[in-house]
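Novice: With the hints as extra help, turn the sequences into a complete structure.
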Amino acid sequence: MRKLLSLALLLVALCLPATSQAAAPKRVVALTPFSANTLAKLGVTPVAIGQTLGGAERFSPKLKKATVLPLSHPNGPNLEQLASLDPDLVFSSQTWAKGNEAMEELGMDVVVQDPRSIAGAYADTFEIGTIMGRKHYARDLLQQMRKQVEAAEAGIKKRPKVMLILGVGRTPFTFLPNSWGGDIVTKAGGKLLTGGVSSGSGFERISDEVVVAENPDIIIAVPHANEDDIPSLTEYLRSNPAWSSTSASRNGRIHISVDNSLLQAGTDIARTIRKVRSAYLKN
Amino acid sequence: MARRALVFAALVAALLVGVVCSLAFGAVKVPISEVIDIIFGQGGSATDVQIVETLRLPRTVEAMLVGAALGVAGAILQGALGNPLASPDVIGVTGGAGFGAILIIIVLPGSIALLPLTALAFGLLAAATVFAFAWSGRNRGSVGKVVLAGIAVLSLFTAGTTGLLAAFPERAPSAIFFIAGGLTSSGWRDLETVWPYFAVGFLVALFLIRPLDRLALGDDVAASLGSRPQVIRLGAGIAAALLAAASAAIAGLLGFLGLVVPHVVRMAGGTSSHAYVVPASAIGGAALLAGADTLARTLRAPIEMPVGPFMVILGVPLFLWLLRKAV
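Keeping their order, the protein sequence lines are chains D and Z.
Take any residue in the first sequence, count from 1 to its spot, add 17: that is its number in the numbering used here.
Take any residue in the second sequence, count from 1 to its spot, add 61: that is its number in the numbering used here.
Derived from the structure by calculation, the hints contain no laboratory data.
In this text, a Cβ means the ideal position worked out from N, Cα and C, and glycines have one as well.
Some hints could be false.
Claimed, not checked - Cβ pair distances, simulated, as ranges:
id	chain 1	residue 1	chain 2	residue 2	range
1	Z	P370	D	D245	34 to 42 Å
2	Z	T223	D	S101	24 to 32 Å
3	Z	A284	D	L70	48 to 56 Å
4	Z	L169	D	A100	29 to 37 Å
5	D	R176	Z	V73	45 to 53 Å
6	D	A114	Z	T223	16 to 24 Å
Specialist: Put into structure tokens, the structure is as follows:
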């Protein structure tokens with residue numbers, strides 16, 4: 018009787034992965050670079066990936082064959098174009114909230130992911146693996162990511178005061194600790210200056226008076242610009258009368274980051290931390 | 062006369078309170094005695110000197126100038142067009158300036174230093190387009206033609222702005238502050254660029270005070286008194302365009318002020334004489350913007366909020382109270 022029970026349990030155990038694999042969606046669209054690159058790392062090629070106009074997203078070479086869907090407000094992708102791909106599942110973002118509702122009405126399953134911390138990225142990576150029936154690959158990937166991040170964080174010698182700003186113009190927003198860029202800078206060894214502000218959005222416009230009073234050692238701007246714009250933007254920010262007295266301005270430590278690695282979650286977390294440490298924090 | 066003097070005194074007092082609050086309060090606590098010392102060059106800590114001299118003082122001056130400019134622009138446009146709904150929006154300036162600024166912020170962020178000039182240039186371009194259409198063909202320079210051309214040009218530029226925001230959604234947050242209207246702490250840099258446009262605009266508005274009073278009697282009466290209604294309207298449009306475009310270059314889109322302040326001072330003073338309405342609108346606009354900007358940067362300090370909503374919160378209750386009394 019015991020042998021029979023064991024045999025039955027073994028059969029159930031053997032059937033479970035097969036069942037979950039069979040249930041995994043086949044036609045997947047990834048609208049965010051994070052989900053697209055995570056899928057690629059898990060060995061899944063989505064039928065399409067999203068790309069914002071003028072966006073500087075870094076995609077895995079494995080995604081070259083995927084159809085590129087241009088994204089714009091308010092829906093994200095063109096819904097007719099998306100429907101023509103007949104996807105079972107769409108990995109989307111809160112940015113396209115209106116489009117997400119429409120996609121669900123069209124019968125697609127929609128998973129919304131906007132990881133704003135490294136821990137959140139780990140959790141979402143595992144969720145993608147689970148949904149795609151590749152839990153064990155996701156576990157391996159997570160283990161690998163954790164090791165790489167620990168290595169990138171090792172040996173921090175200095176902890177400079179850093180202000181991380183979003184956008185250009187005279188009213189930039191400050192990244193808070195609960196933003197992707199804020200978490201990356203903190204893990205890279207920077208003390209994030211926020212004027213003691215907290216906000217659910219992860220960004221706030223803080224007073225220049227606080228910038229003067231807190232006197233950052235380093236200012237990193239994420240302006241949605243191109244490589245060619247770096248010299249003019251650096252000069253503009255350096256000559257900002259509000260910041261001219263800060264250590265960052267006086268010591269030429271105002272930096273421009275034109276890619277999206279500090280703005281939105283990526284899968285190359287360790288690489289981003291190393292870049293922040295070597296290029297900006299020099300710690 | 063006594064009523065006008067009383068309103069003037071109240072406006073000047075409100076302006077003084079607004080200016081003192083704007084200099085005294087901010088995200089960083091600086092004792093008022095130290096603020097006074099710094100302003101009179103009697104010292105203070107290096108950080109506090111930087112905060113008061115480089116951040117608060119230019120911002121207060123900008124608030125006064127922009128508030129006064131928008132108040133005057135609204136007053137002369139309402140007088141010239143004989144339309145209570147006239148404001149810098151009506152001649153397309155706000156839409157044009159908004160498009161110019163968003164173009165830089167979203168498409169050409171590397172040229173951000175050119176934002177004030179681009180906003181100014183597009184604001185003036187929009188106004189010039191309105192004038193070109195309104196002053197051509199039949200009934201040239203008529204109120205109806207100016208207003209309709211203004212609405213068409215405003216719609217055109219607004220569509221362009223919306224299109225840019227929709228095309229580059231991830232860049233939109235950078236543009237929100239400009240659209241909602243707000244002063245910044247850019248020192249004297251922006252004022253150095255646009256002060257000549259303010260100067261010319263105020264000067265032309267000053268010379269238009271008497272002609273606008275004649276125009277208020279009707280085109281035919283004004284013409285019989287030797288005035289040229291179309292030239293007065295064109296002059297008022299140009300002055301308003303200069304003032305509103307220069308304001309938008311510094312503080313973004315604050316159309317509400319130009320619409321409401323002239324009405325408030327008219328109702329409070331009980332007269333539509335431009336010798337009273339134009340300077341009173343200047344002082345009232347300056348007081349309103351200085352006060353609203355202080356609230357915008359201190360209420361949730363150190364978070365800064367757009368000034369537009371605060372201007373509405375301060376201005377609308379007073380406006381509605383006066384409107385109820387007037388009607």
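Novice: Each hint should be assessed against the structure and marked as holding or not.
Specialist: Verification of the hints:
At roughly 37 Å, the beta carbons of P370(Z) and D245(D) sit within the given window of 34 to 42 Å. Look at T223(Z) against S101(D): about 27 Å separates their beta carbons, and that is inside 24 to 32 Å. Take A284(Z) and L70(D): their Cβ atoms lie about 54 Å apart, and the range 48 to 56 Å holds. For L169(Z) and A100(D), the Cβ-Cβ distance of about 35 Å falls inside the hinted range of 29 to 37 Å, so the restraint holds.
Checked against the hint of 45 to 53 Å, the pair R176(D) and V73(Z) passes, with Cβ atoms roughly 52 Å apart. Between A114(D) and T223(Z) the C-beta distance comes to about 19 Å, which sits within the given range of 16 to 24 Å.
Taken one by one, the earlier hints all hold for this structure without exception.
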